[in-house]
Structures are given as structure tokens and as C-alpha cells.
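Undergrad: What follows is the residue order along each chain.
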Amino acid sequence: MALSRRAVISWLTLLPAVAASVIAMAGLFGARREPFSSAFFTDPFFVHTLSFSLFQAAASCLLSLALAVPIARALTFHPRLLARRWFLTLTALAFVMPSFVLITGLMILFGADGWLNFGQDRPWSLFGLQGILLAHVYLNMPLAVRVMYQALQSIPADSWRLARQQRLSGWQRWVKLEWAAIKPHMGLLAAFIFVLCFNSFAVVLTLGGGPKSTTLEVAIYQALKYDFNLSEAILLSLVQALIAGSVLLAAGYSGKTSLFRIAQRHRTADISLSPTAARNHAAVYGLAWVFLLLPIIAVIGKALGSATVVAIAPIAAATAQSVLIAGTAACIALPLGWAMLWPLRLSRQRHPRTALWAEWFAVHHMVIPTMVIGVGWFAFFIQKVDINRYALVFLITLNALILVPFVVLHLKPLLVLWDQKHQRLLGNWRPSPWNRFFIEWRFIKPTLKPLLALLLVLALGDVPLFALFGQSDQPTLTWYIYRLAGTYRLDSAAQAALILLALSSLLIFWMEPRHARSQ
Amino acid sequence: MLEVNDVRIARAPLDFHFEFSLPNQGVLLIRGPSGEGKSTLLDALGGYIPIDSGTVTWQSQAIGQLPPEKRPITSLFQSHNLFDHLTVGANLATALPHISEVDRKNALTALGVDAHYHKYPTALSGGQRQRVGLIAALLRPEPLVLLDEPFRELDPDTRLRVILWTLEQIQSLGKTLLLVSHNPDDDLFIKRQVTDVREYVVRLKEDHSGNGLPQSG
Numbered sequence: 035m036a037l038s039r040r041a042v043i044s045w046l047t048l049l050p051a052v053a054a055s056v057i058a059m060a061g062l063f064g065a066r067r068e069p070f071s072s073a074f075f076t077d078p079f080f081v082h083t084l085s086f087s088l089f090q091a092a093a094s095c096l097l098s099l100a101l102a103v104p105i106a107r108a109l110t111f112h113p114r115l116l117a118r119r120w121f122l123t124l125t126a127l128a129f130v131m132p133s134f135v136l137i138t139g140l141m142i143l144f145g146a147d148g149w150l151n152f153g154q155d156r157p158w159s160l161f162g163l164q165g166i167l168l169a170h171v172y173l174n175m176p177l178a179v180r181v182m183y184q185a186l187q188s189i190p191a192d193s194w195r196l197a198r199q200q201r202l203s204g205w206q207r208w209v210k211l212e213w214a215a216i217k218p219h220m221g222l223l224a225a226f227i228f229v230l231c232f233n234s235f236a237v238v239l240t241l242g243g244g245p246k247s248t249t250l251e252v253a254i255y256q257a258l259k260y261d262f263n264l265s266e267a268i269l270l271s272l273v274q275a276l277i278a279g280s281v282l283l284a285a286g287y288s289g290k291t292s293l294f295r296i297a298q299r300h301r302t303a304d305i306s307l308s309p310t311a312a313r314n315h316a317a318v319y320g321l322a323w324v325f326l327l328l329p330i331i332a333v334i335g336k337a338l339g340s341a342t343v344v345a346i347a348p349i350a351a352a353t354a355q356s357v358l359i360a361g362t363a364a365c366i367a368l369p370l371g372w373a374m375l376w377p378l379r380l381s382r383q384r385h386p387r388t389a390l391w392a393e394w395f396a397v398h399h400m401v402i403p404t405m406v407i408g409v410g411w412f413a414f415f416i417q418k419v420d421i422n423r424y425a426l427v428f429l430i431t432l433n434a435l436i437l438v439p440f441v442v443l444h445l446k447p448l449l450v451l452w453d454q455k456h457q458r459l460l461g462n463w464r465p466s467p468w469n470r471f472f473i474e475w476r477f478i479k480p481t482l483k484p485l486l487a488l489l490l491v492l493a494l495g496d497v498p499l500f501a502l503f504g505q506s507d508q509p510t511l512t513w514y515i516y517r518l519a520g521t522y523r524l525d526s527a528a529q530a531a532l533i534l535l536a537l538s539s540l541l542i543f544w545m546e547p548r549h550a551r552s553q
Numbered sequence: 006m007l008e009v010n011d012v013r014i015a016r017a018p019l020d021f022h023f024e025f026s027l028p029n030q031g032v033l034l035i036r037g038p039s040g041e042g043k044s045t046l047l048d049a050l051g052g053y054i055p056i057d058s059g060t061v062t063w064q065s066q067a068i069g070q071l072p073p074e075k076r077p078i079t080s081l082f083q084s085h086n087l088f089d090h091l092t093v094g095a096n097l098a099t100a101l102p103h104i105s106e107v108d109r110k111n112a113l114t115a116l117g118v119d120a121h122y123h124k125y126p127t128a129l130s131g132g133q134r135q136r137v138g139l140i141a142a143l144l145r146p147e148p149l150v151l152l153d154e155p156f157r158e159l160d161p162d163t164r165l166r167v168i169l170w171t172l173e174q175i176q177s178l179g180k181t182l183l184l185v186s187h188n189p190d191d192d193l194f195i196k197r198q199v200t201d202v203r204e205y206v207v208r209l210k211e212d213h214s215g216n217g218l219p220q221s222g
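So the sequence lines, in the order shown, correspond to chains A and B.
Residues 35 to 553 (the working numbering) make up the first sequence, in order.
Residues 6 to 222 (the working numbering) make up the second sequence, in order.
Bound conformation, chain B alone:
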């Protein structure tokens, strides 16, 4: 179980507040308008920005103060998910040293990017880079996966294929997924595929503490 209890992050002039829980192997869709804290939430869970108060626990262990590399979490960011100076193959070998080269290539084939194994990320389209990044994030050993708009740059056909593959991996590897999405169709599709999907809406609201600044929660 992932528990986010009364987590507060002050990033002037905004004041974010998060609170939710998610059972093992659950899927959480994080929604809300742009700029209201979705990426901040993922960054805080990943350990890339410090939290000011509150606790984050995973399987009853506090993880909120651990450095990123010590957390049971892997993330897919909105950009910079690959090293531009390493080929796709070398990137995957760096991210996924625990699985065989054959398995890495199979994953690329499943998402239709196997022809780019020896290419550098700069030679790929945004959607192709995103798919390689997704493979690197999903097949890592950490049990919690945070995906920040992972399907944004994909065309409609590829999109469904990639979402299906993602859900398959999540289920077969027993992962817990937090997913930021802007696309209601994607959300609907995911809800049809997975029985227990939770939603968490991140929204700034008027502050009632008297400082006049908006809060997220």
C-alpha cells in the first residue's frame, strides 16, 4: 500500500497539499488542470523535490525522505528520459541491466521501435523516444511506477497498442501504477481494461489559511 498523508510542499507562490492511498498493484489516474501540481506530486514522490511536511509510506515503510535512488519508485518524466549520446540499445542496457538483450529487443518489437536499436535518440521522433523511455521505466525492477503523460506524443493507433502493452506489463510484473493523463479517452480505455482504477484530482483551491495564496489538494 502506498500512503500519502498530509503532504505539503511550498513552492512560492503556490502551496501544494496531497493526500491519498493506493493498494498494491492498483492503478491511480491523476488528473487536473495544467500547472496545478500533478508533476510536482510525481517529482515529490520520486524524491526530486523535498516535501515540507507529511509522510509518504510504501508497505508501511517511510520513504518520503529517502534519496531518489533508494526509493522503490521509477519514473517516466515528460522529457529527458534517455541519454542523447547513447544509442537506444545502450540506453536500455543502462536502464535494464537485469534483463537479457533478447528481452529488451522483444519489448522494442512489441512497441514497434525495434528498427531503431542502433540509432541515437536525437534521430528518433518524439513518439518513438517516448516509447523507448516507457520500456526503460516499466521494465525496471522497482514496484512503483510513475508515468507523467506517457502517451502524449503518440498517434491514435499506436496509442492504444502502447496503453495495452503498458497495462499488460503492470499486471504481469505486479506493479503499482500512478499515471498522469490529460486525455479522457485514454482514461476511459484504461478503466475498461482494469477493474480497480482509482482517480485522484489535483486542483488548486482558494486558501483558507489567511495568506490569500491558492493551495493544491
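Okay, chain A solo, but in the shape it has when bound:
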């Protein structure tokens, strides 16, 4: 059947996302470089970097998942946990926390003169694998907690009652109910966390502490920025994209599971809880609070307790730069993502296979590491335009493209439901295109606030793109913190981090379902 004019136009909306990837690929494959040598792949540096990347990602992922289980269970089973909703907000904040805020906090806590570094003779070193794991667990365990908690919440009340009635032991209940509810999400969750850690840039750059603990992502950056070795950066990027993409695809990534949403209402599972079990759950919950709060308290304490105050002008300029880039990118990504859902919505009912393709094109940037897209664009444009001159344009465009999949994944379930409910009414009433847009706009408007907040927090935390395209004399807040922390000016770094933390916290608070007030 020939495509209607509307269908053809709808597919054109995917052009920006596809063009961005084509440019990146053209850059990666087409750049002039040394003849390819397979010796590169047997080079000890490459082998070590690749194995370290894989190892730290796998270890971070396993640790995050293992630690999340008792916390999610405590949240589900303990009937009276203080400030449960606030804790869930804290997990959201921890997951999207700009890496350099966390790193500053960790350096204040565990750095050479850190508050909690008690080893007098041989102080514990934050730098190396241990520091990377600590930071990755901090950033990703909260996501796992949210997903597992959500899964446990979805177990019907009747099932808990039935388990009680059948006198199931704790272990039987875990196997038959809890694990059964968590399991369907585990593959995707594990893959997602693995890839996040595998692609991690800021954490490894600062806490890696040298070539021994470096990952592909950082090696790409170093090859490009320090060694000016485009051909090595390109080869590393291809390996990186191949591994990250394969892992997500193998885990069946299709944007079907919402990893971030959390139920409005908490239901405590109806199980008999012994006093010891209740105490254990409360203890786990308390420890989780401490773990997630400590770096935040460290940043706040250091920032406010410092005698010197960071120079206002550069920090204000950096904040303005961050808000400009993140705000513009989010405002571009929103309509772009909304429009990119169009072909999917048109083809969903009659051509589900076509709809899958449309969705894949709209979200495919999710599986390509940001650094890879960035390097591809860098390689493509380096000979054609003055990258330094148009740095801001590159930063805004690429940040917007990276954000588009989040818009698509957020709006898709809403709009699919909307179509199911109202498609016939629209056919019946025949509103003009403008009127149609207006009706739909009114429908999605209430959900745009949390989405916009999420997009802003994500863009505020960008490191890889700024590392490639940014101008050192016009840093973003994130990059400014990196420079301060990297030169051990921890007081100033903490003060700058506090501003970024405050911005992110406000946005997260704005985004999360309303708090204890409504409970």
C-alpha cells in the first residue's frame, strides 16, 4: 500500500536523529587517518583498557544490584519508615546527580585529608578501582532500588495474603513472589546499569587516577584531546559503540520498560514481620539514607564552612552558561521528541512492525555512547568549520539530540493511550491541524513539567560533550567544578558544586510525585 502524504511527512520528523547518526558515522569512518592496523587490537594498552572497562562495569553493576535488593525490600515490607517518599526523591536525585558534585563530595569525605579517611599511616586511596566502584554504586544503586521497589509494589495485595495463608517461608516468598516480580526487569536493568558504567566518563576521568584504571570512554577523550590521534579515537569509539549497543540490544531494549517512573502511592506488603526482621529492615533503610546523604552533606558542609568564598563572577558566568546550554537543549528536545512519535503513532495500529522501526529510529541515540556521537561529529566537522567558534551551537545541538530519547520514552505511553481513546473522536470532529495540536498540547501539558526537569538535570550534568567541544574560557558549571576539584581547590569546588546540587535538587523536587504532604 502506498504511503499517504501524511505518513511520508511524519517519517521526515525522524530526520534530525538519523542525520545526527549518519554524520557521526561519516565522521568515524570517513575521516582521514593512518592505515588501519589490526595490531592496535593486540596492543597491551588497548587490551588492558578494554578489560578494565568491562570489569569495572560488571563489578559496579553487580554491586549496585546486590545492594539494592535489601533496600527495596525494606521499603516494601516495613510498615512505618520515616520519610519514605523523601527517600525515593533522594534516590532520584542520586541517580541523576551531576557526577562532579558526587566526586567533590567523595573527595571531601575520602580524599587524602578526607573527613572519613582515618588510616593515619596508609590513608585509603579514593583513586583507582575502589573509587570508581564507590561512585558508580552511588549513582546506579538508587535506580535499581527504584525499579525493584516499583516491581515489588506491583505484587497484588491478594498474593501477599495468599502467601500468608499458605504459610510460605521467607525463602519461598522470595522465590515465588518477590523474585518473580523483580526478574522480568532484571535483564534490562542490569544491561542499563552496565552500559551506564561502561560509558562512564567523569567518574573515571577524575577517580581513575592514571592509565592503570582507565576506560575506553576516557581513552577516546585522551587520544583526541591530548595525543591528537584521531584514528585511535575513532577505533576506540567503534569498539565502545559496538559493545554498549550490543549489550542493550541483547537485553531486549526497546523502550518498553519505564525505568524511572515511581508509583504515586505506597502500599506496604501484607506480611507478618518479626521484630528482628523489622529492626533489620529499619537498619538497612537507615544505612541507605546515610550512604546517599553523606556526599551531599560533605558538599554542603565544606561549602558553607569554608572561610574563603569562591569568586562570584566566574561562577555566575558558568551557571549562566550551563543554564543556557541545558535550557535551550531541553526546549529543542521537547518538540523534537514529540514530533518524532508521529510516525510511530500513525503506523502503530495497522503496521506494528513499521511502528517498531519508527520507535527504534527515534530512540537509537540511547544505545550509542555520547562520546561516540561527539567524536563522530568532531571528526566530521573538524575540517569543515571552526569548531571553537561554533562551540555553543555544537553543544546545544548535541545535548538536545541526546535528550530526545528521554522525551520519546516519556511521552510514548501517554500518547499511545491518548490515540487509543480519542482517535475516533478526532476522526469524527475533524479539527483543523492547529486545533488538533492545541487539544493534544492541553493534554500533555501537565506531564511536561517533570519531563522538562529531568531533561534539564541531565543536560546540566553533561561532561563528555563539553570535554570535546567546550571552550575552557567559557566553562559550564560542571566543567568549572572539575577544574577546581582537579586542582584540589576543594573549598571552591564544593561551593560551585553546592550551586549545581541546589539547581538539580530543585528540579528533582519539582519533578517527583507530590510528597509526604499527600501521604
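One or more of the hints may lead you astray.
[What the hints assert, rightly or not] DSS-like mimics (lysine-lysine), calculated; alpha carbons at most 27 Å apart, straight line:
hint, chain 1, residue 1, chain 2, residue 2
1, B, K124, A, K483
2, A, K455, B, K124
3, B, K110, B, K124
4, A, K479, B, K124
5, B, K75, A, K455
Please keep in mind that the hints were generated in silico from the structure rather than gathered at the bench.
Given the coordinates of chain A, work out where chain B should sit on it, guided by the hints.
TA: Chain B alone, transformed into the frame defined by chain A:
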């Protein structure tokens, strides 16, 4: 004249077959047991499900393959006749941009729902929503109106008032009406008010084509 000629729709495991005609400004009561194809017929005429074979013509023009928004038809479905996030007033302004706000409000007054102009549909009862939906469907400019159990959720008094108003509008606007109804009293009342009412019974019958599946016709 609306002509439905040998229309077949396969919706596994059922196989529907429809055939009837209706003159301009006529009224057709569609009856039959639940689940035997009444709503399927209206959906097919409205263009919301494809027909597998046969033809549908209106004033001798084939309309069976047109998209819903190109057909001379407006429908009132069993549910989802209003946008929940728009007020009653905004819903009517969307559905009826060709008539004045005063006329829209008059219609609401005629059906006793004028007090809800600024409310959202979720704040209305099922019967009130149904009346607003009916106004939106009947006053649209398309000449053919398909109503799927439009009076179902109304109490007996309101019911007669709404049926009378519907028939008045149909006659004064020169519309052709297809109406699915489950209520014999409603049918009787309509037959008393309108002289030329036709009936079409949709019923699944045993299939004689050899595949053992029931057919509608």
C-alpha cells in the same frame, strides 16, 4: 440514499455481512442481540474498521474506502465522546466551530446541562456526558448521523426529552439517522414520532459456507 451492498467484514472468529439501504432523511433503527455486529456496522460505516468486500455509497458516491474524516458521517460512540481534559464549552467549540457560542449554549439548555458549561467531563455523570456528546454529534455539519445507544444512561423523564430533541434536530437539519437501540420503548416512541422508520436486525446466523463459523447478516 445510503446503500450498503453486500458488505463483509471478517473479524475472527466472526464473519459479518450487512446489506440495506436508507433514503435521505430517513431513520433506521438497528436492533439485535449484544455482540452480534451492531457496533461493528457503525464502526465500519464511520471508517474506523476496514470492510473486506462490498460497497457503501451515499448519494451514489462510493464512501466505503474513504478515511473517517472524509466521510459525510458523524458518530456518537458508546464511550469517549468528549476530551476529558477540555471543559464542556471547549469540547463543543472544538466539535462545532461552525455554530455560534449562543447556539451551543442553547442546545445545552435544551438538554438540561447548561450549568456544566465550564466543567470538565470527568465532573459530570454518565448521562450528562452522553447528552453533551449527543449535542456535539447531532449539530455537526455531516448529513449522516450514527448513534450507538445514545439514550442508555438517561433516566426515563430525561430520556423522552432527549429523544424528542434528537428527532427535532434530525428533521430540522435534514439529517439521515442510524440508531442502535436496546430499548423497545424507545423504538416505539420514535416510531410514533416519525412516520417513516425502517428497521434493520443484525443477527449472527449459522454459516452455510462450510467453515462452521457463525455469520452476521
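Undergrad: Given the hinted pair A:K455 and B:K124, is their alpha-carbon gap at most 27 Å?
TA: Given that 27 Å is the threshold and the Cα spacing comes to 20 Å, the pair holds.
Undergrad: Check the hint pairing B:K124 with A:K483 against an upper bound of 27 Å on the C-alpha distance.
TA: Between B:K124 and A:K483 the Cα gap is close to 24 Å, so the pair holds against 27 Å.
Undergrad: When you check the alpha-carbon spacing of B:K75 and A:K455, does it fall within 27 Å?
TA: 20 Å, holds
Undergrad: Starting from B:K110, check that the Cα of B:K124 is at most 27 Å away, please.
TA: Status holds; Cα separation ~13 Å.
Undergrad: Quickly compare the C-alpha distance for A:K479 and B:K124 to 27 Å and report which way the hint goes.
TA: 19 Å, holds
Of the hints listed earlier, there is not a single one the structure fails to meet.
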